[in-house]
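Trainee: Both chains are given apart, each in its own frame, so use the hints to dock them into the complex.
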Amino acid sequence: EAQVTQNPRYLITVTGKKLTVTCSQNMNHEYMSWYRQDPGLGLRQIYYSMNVEVTDKGDVPEGYKVSRKEKRNFPLILESPSPNQTSLYFCASSSTGGSYEQYFGPGTRLTVT
Amino acid sequence: GIQVEQSPPDLILQEGANSTLRCNFSDSVNNLQWFHQNPWGQLINLFYIPSGTKQNGRLSATTVATERYSLLYISSSQTTDSGVYFCAVEAFGNEKLTFGTGTRLTIIP
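Protein chains in written order, with my numbering: chain C, 1 to 113; chain F, 1001 to 1109.
Derived from the structure by calculation, the hints contain no laboratory data. Glycine included, every Cβ here is placed at the ideal spot set by N, Cα and C. Don't take every hint at face value.
[As the list claims (entries may be wrong)] The calculated lysine to any residue pairs, modelled on SDA-like cross-linking and capped at a C-alpha distance of 20 Å, are: (1) C:Lys71 / C:Tyr10; (2) F:Lys1054 / C:His29; (3) C:Lys71 / F:Glu1095.
[Said to hold, decoys possible] Derived coverage of chain F by chain C (criterion: at least 3 residues anywhere in the stretch with Cβ under 8 Å from a Cβ of chain C; other residues may be distant): (4) 1016–1023; (5) 1051–1058; (6) 1067–1078.
[What the hints assert, rightly or not] If we take Cβ atoms under 10 Å as the criterion, some of the chain F residues that face chain C in the derived model are: (7) Gly1001; (8) Tyr1048; (9) Phe1086.
Next up, chain F with everything else stripped away, as it sits in the complex (with noise of 0.2 Å):
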């Protein structure tokens, strides 16, 4: 099955810096999304994102579907944006998402 790797696995900044969270897969895509598991538990779709680039606010993420990954730019970080940040892919004929084992971000005030 196809393999999704996210790096990197923990990472811990300083309120207002800004990060790059990369993942990488293993397959052609039709699917996409990048969440965000908030300390109670909750998945919260950021981007559906199977190819381009979107932006909302201070977060932005990248997919190169040719080169086979995408990138999830956060910038000016805040204490609210701890939490991990999971990468999910769906192949073409494959019915469920498959998840990378997440980035745990914390960030310090």
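If we strip away everything but chain C, and leave its shape as in the complex, we get (with noise of 0.2 Å):
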């Protein structure tokens, strides 16, 4: 079955522990991406990546570093939390030839006290 998954999938953590959310796509798309979500704000894009070794900043970038070091992972790490993060986070891929639909996953919900 074609599908992006999250892990985890609920997280309650404290100020400054570093922690890692992950991400992974079995449908071959070059393109994965890391959203989240706020009451009021709707979902902003947070790092992007077109490819291996490729990432780029989207709207919301600070506080969160991105890696691609596989096309089938792309992990979001939070290297010193802070409770401002506390959101749900959604991880999307899509192909960047032909349909340029996006595929989300179930989403994380995160919660820094």
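Mentor: Here is the structure:
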């Protein structure tokens, strides 16, 4: 089954404790992206990657890191989480040729206390 | 950047009613998608429709790219249709989806 998976689905952590949210897709997509969703602000892009070893900032990259060492994986790293990073996070992927349809993971609900 | 406006912001209907949700966008797009966000927060792909018309069961969508709008039709609404419906677009040469603010649909039994 074609899908985007994220782990963990729920996470409660404390300020300053490094964490990684994993994202994996099995559709051989070149493009992958991270979004965060906040009440009143909608979904905003954090980082995106056009292919392996190619990453770029989205609209709200501060406080986040990403890497793309393999085509299927695109982890989101919070080196020193803060309470303002409490949010619902989505990973997405798409092909870069033909259809541009983006497929979204199930979301990760992160709470930083 | 591209602007995306959805209307109405809220819609409350009785079960069995039909509804039309609208999405206006400010520039040419190579991607337009409709999503349903369920009460658990999951984004469910409904349609990939940068132009034309598609139908899937009780749902259908039409995008008129030259006039920069898209419509989502829901017929014979069911309580499970409740949630927030998002329109998202990707402008040419822009590697991200820009989401509208959504329409919150509540279906009353």
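Trainee: Could you check the structure against the hints above and give me the numbers of any it violates, in ascending order?
Mentor: When the structure is compared with the hints, numbers 1, 2, 4, 5 and 6 turn out to be violated.
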